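With the hints as a guide, bring the two chains together.
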Amino acid sequence: MHQFLQQLINGIALGGVYALIALGYTMVYGIIELINFAHGDVYTLGTYFSLTILALIPLSTITSGPELALVAVAVILLAALLCGIVGVLIERLAYRRLRNAPRLAPLITAIGVSLILENIMQIWKGTSEVPFPQFLPDRWHTVAGVRFDDRSLLVVGISLFFMIALNLFVFRTRLGAAMRATAQDRDAAQLMGINVNSTIAWTFFIGSALAGVAGFVSGLYYGTTFFLNGYQAGLKAFTAAVLGGIGNITGAMLGGFVIGIVEAMTSQYISDQWTSVVVFSILILILVFRPSGLLGEQAPEKV
Amino acid sequence: MSGPRRAFWAVLILIALGLPFIDRNSAHISAYVDTGYIVLLALGLNIIVGYTGLLALGFAAFYAVGAYTYAFFASPQFGMHVSFWLMLAGGGAVSALFGVLLGAPTLRLRGDYLAIVTLGFGEIVPQLLQNLDKYTGGPDGIASIDQPRLFGFSFGFNPVPYYYVCLAVLAISLWLLNNLRHSRLGRAWMAIREDELAAAHMGINTTATKLLAFAMGSAFAGLAGVLLAGKYGAVSPSGFDFNTSIMILAAIVLGGMGNLTGVFVGGIIIGLLNSLLLPQASNLMHALGRFTHIPVLQAVDLNQYRFMVYGGILVLVMLFRPEGLIPSATRRAELRVQHHDAVVTGAGAEHMAAQEPVV
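Protein sequence lines correspond, in order, to chains G and U.
Using the working numbering, read the first sequence as starting at 1 and increasing by one per residue.
Using the working numbering, read the second sequence as starting at 304 and increasing by one per residue.
FYI, nobody ran anything at the bench for these hints, they're computed from the structure.
Quick caveat: nothing in here was measured; it's all calculated off a predicted structure.
Quick reminder that beta carbons are idealized off the backbone N, C-alpha and C, glycines included.
Fair warning: there could be bad hints in the mix.
[Claimed, not checked] Going by beta-carbon spacing under 8 Å, a handful of chain G positions derived as facing chain U:
#1 Ile35
#2 Ile111
#3 Leu115
#4 Phe238
#5 Ser276
#6 Leu287
The shape of chain U in the complex, shown without the other chains (with noise of 0.2 Å):
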């Protein structure tokens, strides 16, 4: 690591560690921890679409895998109780596995087509746990579901502990991940992302591989919603629909798909636009409404343009910085419009992506 990255990071930790010192305002806090799950998120997507170039739309399904399965083994719908620890690693396993599970028989599929199956999927998880509602609870989902403890400490409805376990998983998590990107797995993700074909003949086990980054992205997912599902005491079908996929899918691309710093930037803006920002924002609105009495400032309520902010994110990153705001070098040279004559199909532009040199 260089000098100023290293300065870069070394602020960020302290920063990170001493947030619940400087913010004392549980309620923020508590933003600040729901942003780390977003960041969580975001990481394990940018597996499967930032390195691997595998479109998947239907993320938030596997974020509820790992908040039920939590729900389903530490509260009293079952009347069973382990421990938050072990879930931790049981949650992201299931979730795993339900990546797999959808992954092999449809990752053979062109990358739209892809597309589509994931969010047929992300559609069906969340009906599913509506309907099943003898085991799911139904469209209340679970309550009372334990609280983490640790040596006796039960973590309660106070944020700060959840503060420190979301820092100590994503830091975890970003060293994990920083070492996999140079490792023989991660360069073979990137080689997928940049020609499957090419790659194949390179005698990468192609399925294989995009399976592993499939089962790995939705383990991070699964991750998040065991932490989730701690943190609240109660998870419902609501927190996991197509919206909350779109979120995480916003975050990676306004970040810079593919580049760990641009996803960890990225969840961070978007995490904290969605729990701290918006609803802030409209206060301060309230407030210069009641000074300058103008009723219309008083009544404008931000969150219901939230939609419009994450669909302007896509849109406009995509036409004017398809590479995010902090790129990859090989992600930008991909991802740049080729400016040569109209040759339509996925294969044709991977080609010439292929053509141009990769910086």
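Bound conformation, chain G alone (with noise of 0.2 Å):
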């Protein structure tokens, strides 16, 4: 009982992570009906910026808790800015043009993305593994005999408030209703006046972000990271949103949650060497046998 509280600690602490990157996967196919592959690839570039930005900063002369939290957050608000520019980016150059192209170009193209990004990680860092400064202080808590540190609770902490920040964002401001119209019709979100360029830029910007935040978040969680780190983790989240139902923005949050705690399960359980299997079979059954996803609604393929 006490490890399975254990694991399920981290696999929440893991689930933020996942459902972080969901998200973007899950509004970028909402609006474009793309599978933006190389997603996970803007999340690894958003630890690689993380870590980039805190080695600027002289964290030895930091010593008090609210000087420490205002790095975190500076940090955590520029790598989000650098890697919405950069999905914002991707958008523009690599996908805009295709469009209105049959769904196998754009898709094709988001894999050439990701292979790019991911070769770009890799000259620039190196093939090994790179660490993440540890500036928190190693504090441990210890409740009901379930150990854990300040770490996964900002994980979770930080995971919970943008997830909160972004349902407001889109079920109540203009710019979420646009982004919603625009994901049910294109054209009559046209005709009603809607900017559909800018608010598909908007949707990569802020999937794109909130990728860059869940590239902090673990960073600091797991100390280190790598070039290909993205691409696993890409698709674990995207499972993770498939799980929730696509589209969804409440779907993709419960979806990361679930395979975190699959995944920290998994390794508790059967052997660290098969979550992999045991998510990627997930991912094909889910999509077998109810392809729309726990909360996603039944659509048949429009003819």
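Structure below.
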């Protein structure tokens, strides 16, 4: 039982990261029906940006709690901004021209963009593991026999904060309404005076910025990264998005936590090396038996 | 076949037959053989992606199935030593079976979902090969696989016999595929690609036809896998990862999806790039660096830009020449961006493509 609770905590922390990445997949798919293959690499890019920014800050001179919090917030926002810009650039340069092409074309392009980003990161920091500066004090808590540290709390807290913010944004603002309208029917949205191009660009910005946040958070949590991280993490996050019902924002969050917990439990009760097999089997089974996911609507293919 | 086409193929065949005599460097010949395997893989993937229009991403998994099938049946691993020539058919058949097993439940999925399912399968297979180490040898794989023998003569590690075997397999495959394209089945595949609904209404059993595409495409990958395992005498999971799948995809995208000549040329370009040109170009840079005393050039390793090259090919071809270098006319008409008011759904785009005059 104690082991189970311990893994549940780990799974929730892991799930927070997957959920943040899954949001970007689901938003982009919702609006232009593209599996943005490069999204996982934008997430790794977020970790790379974060650790590069952290390296510029004289961390050893900062010790007080509020100052550390300020550093964390600044790094998150900056990494999110940079990733958002990368996302917008990718959409503008690689995807926009193909918006009306058969779906195969942008998907193949997205795979290409993913390879290019991976190669850029490989050249930037090499092929070995890259350490992430640990600037938070190593503080552990024990509640009911379950041990966790500040980092897990922070990971879950940051993920939840951004998820709530995103929900408010999508359902309470004009731009959010424009996104939902564009996702429903792009032609009609355009006729209603919505600037479809800029709405799609904003969707990419927000999705990629969230991937940047996930990149920071996972760097903090694992303390290390490497250039191909985003490939598997992205695929798992995509599984989360599909599990929740692709296009559904609440579903992506739920799916993220489910996948995180499944992964933690697999590594506890089966073996570490089987986690990928289990997660990808879930992906295949969900797509075959319930392609609309847990919370998605049954949408027959339009003819 | 028209005159110039006939001449083109005649020259090609002559060059192919004489290559080991022109270029006697055995490392080069070995690279040509590896290129041949990539062409074979590209021909197989082209049936699925190019002819039938189903995007399958984890194609290297079927390559792995073929290679491991031969490794299981012809190595000390299980003490079996079945003949290489028998296993050429066997490996192809087992891969085809896997293609059907994966295809049967998944082929009714929408295009991009199918892509992801096959990608998931492509991830699971190497993981299984790694984890089931009792049978597969784990990350180290299986070694001392039997080398092919013909009339009591063992091929050993000399690449020349492998070259001619590969050439023969390629020639038969090309002949077969060329005939298949115009057959009832080939036309059914292309009808499904262009409009699945219309094809079904014309009386094509779309599920069976798509399954057949999956089976045949996978069989080619299996064949390539057996050839690979025979040539190197060893297999390990690392050679069958996502990057291999993408390399094959890049080959058919570059050459021209759906066109046999295009895919053949694309496979040769990517294959040579992969096994010969990038390593050679690095050496050239090093020599240049030593000559000019520029240390950056002496240390450059162009191999590490390999995936930038493949990624760049995918992006640039899709953006500027989606039909590939040597396109088929029908595929070009379909893949060109339709300049029409925004209609997003795949079905909508296919609908518009159907309205365009197809030349």
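Taking each numbered hint in turn, which are not upheld by the structure, reported in ascending numerical order? Checked against the structure, no hint fails, so every one of them is satisfied.
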